[in-house]
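Asks: These are the residues of each chain, in order.
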Amino acid sequence: MTIKDIGAIVGVGHTDFYKRGQSGDQTELELMLKATMVALDDSGLTPQDIDGFSFYASGFDAGLLATALGIKELRYSTIMSGGGGGSQGTIANAVAAIQAGYAEVILCTKALKSGGDTGRRIGRMGAEPRTGRVGAGAADWDFYHNFGLTSPGQSFALMARQHMHKFGTTSEQFGAVAVSTRFHASRNPNAIHQMPITIEDHQNSRMIADPLHLLDYCLETDGGTAVIVTSAERAKDLKAKPVYVGGAAMGGPGPFGQGIFYLQMPDDIFHWSGHKPVADRVYAMAGVGPQDIDVAEMYDHFTPLVIMQLEEYGFCKPGEGGAFVEDGGLRFDTGRLPVNTHGGNLSEVYLLGLTHTIEAVRQLRGTASSQVKDAEVALVTSGPGILPTSAIILHN
Amino acid sequence: MTISQEHYLPESVVAIFPDQYSREYWDRIARGELAFQRCAQCKTFRHPPGPMCPKCSSFEAEWHTVEGKGTIYSWEIVTLALNDALADYVPYNVVLVEFPDAPGVRLVTNCIDASKEQLSVGMPVEVIYQKYSKATLPRVRKA
Ligand SMILES: [Zn+2]
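Protein chains in written order, with the numbering used here: chain E, 26 to 421; chain F, 243 to 385.
Pulled out of the complex, with its shape left as it was, chain F reads as follows:
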């Protein structure tokens, strides 16, 4: 998967502080791979990653790589920047994306190439990766 240096939001707001549950997620993202945690026993996905399966209470987890093609579940256009670092970046969108190969997971991200008029619930998108100095982030574009 392509990892691009182009940025949707500025370098200064990007920072990750992984814990023992999320570190694997971010390590894989850095390699251009979108994978979600799921229960090793009953295969139920959980996101964000955590210690226990809410369905069967197993503490055994595994990582499942998804193809990165999904659909928009909800979206908004942020027009007031609450963080000074984002002031020059409004309006920007925030989208919630669902993936057919990871049911139950919604990824909060941004769609890098869709205008307000183009965004809609159910719109197909695909994941791309943007590399920052402190982390790589998964974003989506129109599919």
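Excised from the complex, chain E in its bound form:
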């Protein structure tokens, strides 16, 4: 038994998107509530219909959200460990809970103030002076922090270098991901950065952690996102055209472990994003393969990770991701495979994952800003880098 086609996404919503710190005095809770109301309106449901929550990453309090939303009865709440890698897992967990009979209408939501209610900045994770141990594995930081390895981008730079070394992947190919993604953002009125860029712009952009330039990095932004999931059965009677969850998977290879904050991965998976087993399982459940995917929304916190995912999801052979993305390979209109048709984390907004889900739903409804013609099957992936990661396949 699997969750194939048991559930459907019936509402999506988000707030305005803001550059870091420009969301004013709105809290993450407020952004979450605003996004949720948009998603509920999209579905024709009300807060009183929600009976479950499915979260990921951090910053949630089910009790707080339940009272703030004024829901009638909370019957289920779950949270995935890890970071943005859990984003699509929330959809999987929601459908599983519906199948189990725990709940019927589940809210998956994430809001982020990357300037932070707390002042934390995810791009500088680990850069703050340390004052002592907190929790299991905290002493591991001694092995990184003292050597100036203090951020996710710096860790991904080491993985990117290995991909370049093994396969001859180039910085210009990383740039090609950024250029295609920005092209899509230029057509998306919600996107933070809409000015088109060229490979030359990418090459001339400031080096941050060589081999990664500024334009290889995702944005630091504020905003809220929400996705409403219910049973395929109930979805039929709702306002929006349902988008069905054909398959879902989460996890990754055990030895990938903490990934970017670990760097001890075996050589044969070091140049991976940690998605390969998830890719195999999500395809198997949905009964499709890479050739069936009309549009892919792939978590893009750093450009090399998109190239790695293209290889792991079988859109090209291992090592051929660099060539795959060249010459507009990811463009919605003329590319080999439309990828991140909303502008992704690189150019639209970076809220840790659900914006990719929202864009996939729009593509399957036929309402996207860069609409892929006759899109029927979409792949959505979540943050590669640490376990667990996750992915879903949606269809209309």
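I should point out that these hints are in silico values taken from the structure, not numbers from a laboratory. There may be inaccurate statements among the hints.
Straight-line distance between alpha carbons at most 27 angstroms, and here's what the computed BS3-like set of lysine-lysine pairs gives [said to hold, decoys possible]:
hint, chain 1, residue 1, chain 2, residue 2
1, F, LYS297, E, LYS301
2, E, LYS398, E, LYS261
3, F, LYS376, E, LYS191
4, E, LYS191, E, LYS59
Now the in silico label distances, taken between C-beta atoms and shown as ranges [said to hold, decoys possible]:
hint, chain 1, residue 1, chain 2, residue 2, range
5, F, GLN283, E, GLN316, 23 to 29 angstroms
6, F, PRO333, E, LEU89, 22 to 28 angstroms
7, E, ALA125, F, ASP269, 47 to 53 angstroms
8, F, PRO260, E, ASN229, 41 to 47 angstroms
9, E, ALA161, F, ARG273, 26 to 32 angstroms
10, F, GLU309, E, GLY46, 34 to 40 angstroms
11, F, GLU368, E, ALA125, 54 to 60 angstroms
12, E, ALA257, F, LYS285, 48 to 54 angstroms
What you are looking at is a predicted structure, and each value in this text was computed from that prediction instead of being measured. The beta carbon of each residue, even a glycine, is placed where N, CA and C say it ideally should be.
Dock chain F with the ligand against chain E, hints included.
Replies: Just chain F with the ligand now, with coordinates in the frame of chain E:
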């Protein structure tokens, strides 16, 4: 092994908070000895140090001293300091080093004497030790 007072990165960013698994590592580093934890039963290395062998599930551990000659597995040049204390130290490199006598271990460190043009995957390096007030750190130089 020589322990030098010269520093690649500043005193102010150096701090260690050893736990019961890593304390031995840092104690040996302070004496100018690079040793990695490995399973006492199946001899599989694990780094950073921890309570159990992921291969055979033994909780028995031992320390294995390595010669300190290795090769660079990956490298980068950090050009934007994320910590104010590092602002005057960019660009600096971060390297991942593998050791033939400790398979499976990668050490995150810095190469003190190689330029961007000189750094490459597979480049031979050797470990040196830099003493700070709060800890001694292993770094590498061209071999
Ligand atoms: Zn063992």
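Asks: Are there hints from earlier that the structure breaks, and if so, what are their numbers?
Replies: 3, 4, 5, 6, 10
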